[in-house]
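Chemist: Protein sequences appear in the order of chains A and B.
As numbered in the numbering used here, residues 1 to 453 make up the first sequence, in order.
As numbered in the numbering used here, residues 1001 to 1856 make up the second sequence, in order.
Keep in mind that a hint or two might mislead.
Unchecked claim - Simulated pairs of lysine-lysine, DSBU-like, Cα-Cα distance not exceeding 35 Å: (1) Lys-275/A with Lys-1451/B; (2) Lys-1222/B with Lys-1088/B; (3) Lys-1703/B with Lys-1659/B; (4) Lys-1451/B with Lys-404/A; (5) Lys-289/A with Lys-1451/B; (6) Lys-1067/B with Lys-342/A; (7) Lys-1138/B with Lys-1027/B; (8) Lys-342/A with Lys-1138/B; (9) Lys-342/A with Lys-1055/B; (10) Lys-23/A with Lys-1659/B; (11) Lys-1248/B with Lys-1266/B; (12) Lys-1451/B with Lys-286/A; (13) Lys-1767/B with Lys-342/A; (14) Lys-1547/B with Lys-342/A; (15) Lys-342/A with Lys-1088/B.
These aren't lab readings, by the way, just hints derived from the structure by calculation.
Keep in mind the model is a prediction, meaning the values are calculated, not measured.
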Amino acid sequence: MDLGYLILKNPARVHSFELPFGKAHVFYPELSDSRSAASLLLDIDSVALVRGRSQSAGEGSLDQYVNDRPYVSSSFLSVAISRVFGTAMGGRSKERQALADTVLEWTAVIAVAPCRGGERFIRALFEPLGYVVNAERHPLDESFPEWGDGFYYTIRLSGMQRLQDLLTHIYVLLPVLDAEKHYWVGDDEVEKLLRKGEGWLATHPEREAIAARYLRFDRRLTRDALARLADEDEPDPEAVEQARTSEEHEIEAPMQLWEHRIGAVLSALRAVDAKTVIDLGCGEGKLLKPLLQDRAFERVVGMDVSWRSLGIARRRLYMDQMPDAQRARIELIHGSLMYRDKRLEGFDAATVVEVIEHLDPPRLAAFERVLFECARPRAAIITTPNVEYNVRFATLPAAQLRHKDHRFEWSREEFSAWALGVAERFGYAVRFLPIGPEDSIVGAPTQMGVFTR
Amino acid sequence: MTLTIPELSLVVLIGPSGCGKSTFARKQFQPTEVLSSDFCRSLVSDDENDQSVTKEAFEVLHFVASKRLAAGKLTVVDATNVQPEARKPLVALARQFHVLPVAIVLNLSERVCADRNKARADRAFGPHVVRNQSQDLKRSLRQLEREGFRHVHILNTPEDVDAASIQRQPLWNNRKHEHGPFDIVGDVHGCFDELRELLTQLGYDIFHENGEYRVTPPDGRKAVFVGDLVDRGPAIPAVLQLVMSMVKSGAALCVPGNHDLKLVRKLKGRDVQITHGLAESLAQLEAEPPEFRETVCSFLDGLVSHYMFDDGRLVVAHAGMKEEMQGRGSGKVRDFALYGETTGETDEFGLPVRGNWAAEYRGKAMVVYGHTPVAEPEWLNRTINIDTGCVFGGKLTALRYPERELAYVPARKTYYEPARPFLQEEPALVPDLTAQQRHDELLDIEDVLGKRIVSTRLHRTVTIREENSAAALEVMSRFAANPKWLIYLPPTMSPPETSQKDSYLEYPTEAFSYYRHEGAASVLCEQKHMGSRAVVIVCRDEDAAKKHFGVIGEGIGICYTRTGRRFFSDRVLESAFLARVQRAVSTAGLWDELKSDWLCLDCELMPWSLKAQELLRRQYAPVGAAATAALPQALSLLEAGVSSSPEVIELNGLVGEFKERLELTRLYVDAYRRYCWAVNTLDDLRLAPFHLLASAGHVHVDKDHVWHMETLSRMCQSDPQFLLATPWRNVDLSDTSSEADATAWWESLTESGGEGMVVKPLSFVHKGRRDLAQPAVKCRGREYLRIIYGPEYTRAHHLTRLRQRALAGKRSLAIREFALGVESLERFVRCEPLRRVHECVFGVLALESEPVDPRL
């Protein structure tokens, strides 16, 4: 019966609260001298959240009516805990302060929490804090087992805690469980959450994972023009693209393959004495940066098909703050390797670094003509993965490509057959160079062709 | 006094300050035609007398003048222009844009000018200014023609100035008022027999009496000769006689060829090399009386370099004509007409290497030309070369305009050996494709990037904003199939006005009243299938794919998504899929019925889960899973609360609420599950075609939807396992019982889980009260909408808010995309260059990236 005093909610009625995203109700399913239970029930108004988007520009909002948020315990619940149980979470109780300071036997049930990290991650979060954890997994759809497992859990935490610690732990760790987008009511909520971790977060073995999850909060929620064009099988191409690129990097990271690639391309550019360079498929500008730093390259142009990547490149190169002399040497253009383009003509060298494997094989013919017949640089440098090397990547499952958007990955033989054919058709000579540590059987992880005419 | 000037010219007014140029210009020309240096001074300095900004002012003047001349607008320069160095850049400007420079000199006495200046407060400069200007003018008067002015008019007194009136004369090449029909004849080169046969074949009656020809063209037609009547061939005088009499009687027009003018030079006694068959002309003309030679000389000398016909839709020139030169007059235009674009180099046969102006041609006018013999005339970017080398043993060709049909007469023999064997085509990069198809292997980014304005037959022009074309470029480049296949992308579809009926968001009543409002007598209701939109192109065989689509080695067709992406990544599955569609088309006899060996279908492909698997796994199933896991727990806690604290009455309310929510989420899970099933083989797929969009030479938007439904239903019957005939019904909008029946039908469809129906006006294109009506509106079922608006959207407090939805944006988008879609198909069946088709397809994709409520 003391529970009511601890959480300052009279068991004789249902306590309802208006929150920015809906309603919260507190009631007591069980009430006896030996054991009491209080429930915090959220009724999230998804319609208001979707419709309010235009006014509040992304924050505290949803972009889909069909959304799991009304049914799961997420950051919305954390916000509700702080609003509804704020005093208790602060460790204060008007009438039962001693009890509030006492370590008691508590059981907390989180009805449904999304956790893509699985039961292991749930345990890793709560067990170090002294809880006995029970996690029950719910199926995604029993009728379609081929869609894979579900990632919703009913989590039961038991342990000896002060009430304020129990509430704080749940308050901070709920959003961590959930790797999905977070819907904050305001920026300050994030800070409040992190402040609550003082004292225990610093020594938590998963502190890095916890912190990393919080850094995801700045992801843009607005759907932009590109997202609206997504096909049904790829709901959010940019997000998927980001995730995949980071996968590829994780696979290749241990050997710093990108560093090797840039080094090899720079040395090939210097070998052909290129003064003007166009980087086709420049992405976020990884190669443009070193090109810009070497004044031997008098003119540097980066082209990419992704408007967004060009924006990132612009920021990463600090193009808006560049001195005029440097600014005059660089240009970023939006373009495509599938269309003839006058702007690509007249360069000493063109670089096409890790790009061709993103083109559908039937469309390669168009790319070949755009580059070798129309743009016709004095030299062209093309790099692409060597698929033979994939067996050497510990983290890459067998027969899988390094990146989900790769339409193919070539063996050394396949690459050279293609490159020699292209060179012959368009009047170029080509030589091949390995990039990265060379293996005596499977070769180097990346292969490079240097075309000259 | 009448001053005659060409209708398109750069008129340079010349005269000292105070001579009345501005007054003259105001009187004789439109205000916007006159560019005055004083006005440009004030544009850059706020003071029209500020001499310190003269340089900047003239830069502005030249800039504006160049824009006007590029656009083909007569332009008048109102400045003193008394010094040669002021006039020189203007003459250069006129040459650059191939317009004629005209000088109008106001040569008034120094006295008159000085007096007028004195009367004006803002002209407080000394008398030396006008004196110097008058002296400059005097020195200029005689050299104006040498400077390049083709017309010089000098007005010597104020009376002359007052009496002058300007007469604008059309250029000789302007025959825009002649609409044809025409028969355009290629290089004749003295092949009289073939010419007579060809003209006869085209329906011209040719009489020869008293050494004269009398030619009667078939009803209203006129022949146009592309030049090179003379040299090389066997009967040059006869050809000249025939053509001259036809031109004289108005039965024909003729433009000059380079051979014709070289003959003129020789006949005029100039020193020219007797090569390339000129000897034959001279020998044959030698046998004619001298008067005939004189007539020939003056006839050929008087020919106009090229003609523009039919409101600018047709250009005929001997060697072709770039867009920026069409309908203009200058030495360069004449040279281009005679020799085409030459690079200055010669090939191994000693013949000039020609620039490829036709490959870069983007003009609207059709250009018909000759000059370089080709084995077969081929269309390329609306140009066609019809010199098929008759004199070299090829054939004599005529193009019928506007029919675009070719007529031939084979050469009776090889009259002259060509320097370069013209029948042996250059080895093509891709075998068997037409010149246009080869050209279309690669599209140019200039044809898609940036802000674009596309004209459509159905809906005027459609504007594509720059940011939207940027988004489309990315999707098109990263994911789309070979653009040669992409002849259509489906438009978006709007729902009807939101229903106010209890627990409904969409209901048939509003769809019917929409079309009634737009004046439609009846509509078709077609069951809406819930799968993924698919466009299917299927050809009779790979040869047809090559012939019509210019695609080689990519099978007999394609199935692609609403964004132009190949539907199947598995090529084996795709070809089996297409083979099955092809069989159904064959069985139904559609190839013969439509006289086509390809067709394009607008379809829905089931199951939804085939394409939407990712969406189902990431969004739809999780929402169901979370709700199914959470709500029973909430409910049992609430029920426990009721039993432990029955006095807390609010709990009962919550119990009721959560019971309802649980039921609604169960309905939601049922809703999405209906559209999902596992696909292991082709037999698990269902294709429901609902528009037979196009086949050879025809876009079937002129047929009503009943035709589409019935024709496609016959096709579906030949493979009912795989093809789904769409159930439909016709509704008479003036008959309430017909409407009630359809509504009941919709209710039964949707209550048993159907997505709903699509309501279309009977005719494919329905002109509404003001504009095009929506080509279709979708009326979606209550259960289906749970997967759009969320599981619980039918709860009253949700529904009231969801009813606030704005349809205008979606509707306008649907019409623009529909117009573009039909336009792209029409351009494709007209065999227009791919860039013209792609422009529309790209436009639909770009428009799809415009922000509209994705739930509509």
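Chemist: Does Lys-1088/B lie within 35 Å of Lys-342/A when you go C-alpha to C-alpha?
Modeler: Since the Cα atoms of Lys-342/A and Lys-1088/B sit roughly 33 Å apart, the hinted pair holds (cutoff 35 Å).
Chemist: Need the status of pair Lys-1067/B, Lys-342/A: alpha-carbon distance at most 35 Å?
Modeler: holds, 23 Å
Chemist: Does the structure keep Lys-1138/B and Lys-1027/B at a Cα separation of 35 Å or less?
Modeler: holds, 25 Å
Chemist: Measure nothing beyond the straight line between the CA atoms of Lys-289/A and Lys-1451/B; if it is 35 Å or shorter, mark the hint as holding.
Modeler: holds, 31 Å
Chemist: Given the hint that Lys-23/A pairs with Lys-1659/B, test it: the Cα-Cα distance must not exceed 35 Å.
Modeler: Between Lys-23/A and Lys-1659/B the Cα gap is close to 17 Å, so the pair holds against 35 Å.
Chemist: For the pair supplied as a hint, Lys-1547/B and Lys-342/A, confirm whether the alpha-carbon distance does not exceed 35 Å.
Modeler: Satisfied, since the Cα-Cα distance of roughly 30 Å is no more than 35 Å.
Chemist: Hinted pair, alpha-carbon criterion (35 Å max): Lys-1703/B, Lys-1659/B. Please report holds or violated.
Modeler: With a Cα-Cα distance of about 52 Å, the restraint between Lys-1703/B and Lys-1659/B is violated, given a limit of 35 Å.
Chemist: Does the alpha-carbon distance linking Lys-1767/B and Lys-342/A stay inside the 35 Å limit?
Modeler: Not satisfied, since the Cα-Cα distance of roughly 42 Å exceeds 35 Å.
Chemist: For Lys-1451/B and Lys-286/A, compute the direct alpha-carbon distance and say whether it is at most 35 Å.
Modeler: Holds. Lys-1451/B to Lys-286/A sits at ~30 Å (cutoff 35 Å).
Chemist: Under the criterion that the straight-line Cα-Cα distance not exceed 35 Å, is the pair Lys-1248/B, Lys-1266/B satisfied?
Modeler: With a Cα-Cα distance of about 24 Å, the restraint between Lys-1248/B and Lys-1266/B holds, given a limit of 35 Å.
Chemist: Does Lys-1055/B lie within 35 Å of Lys-342/A when you go C-alpha to C-alpha?
Modeler: holds, 33 Å
Chemist: If you draw a straight line from the CA of Lys-275/A to the CA of Lys-1451/B, is it 35 Å or shorter?
Modeler: Given that 35 Å is the threshold and the Cα spacing comes to 33 Å, the pair holds.
When the structure is compared with the earlier hints, violations turn up for hints 2, 3, 8, 13 and for no others.
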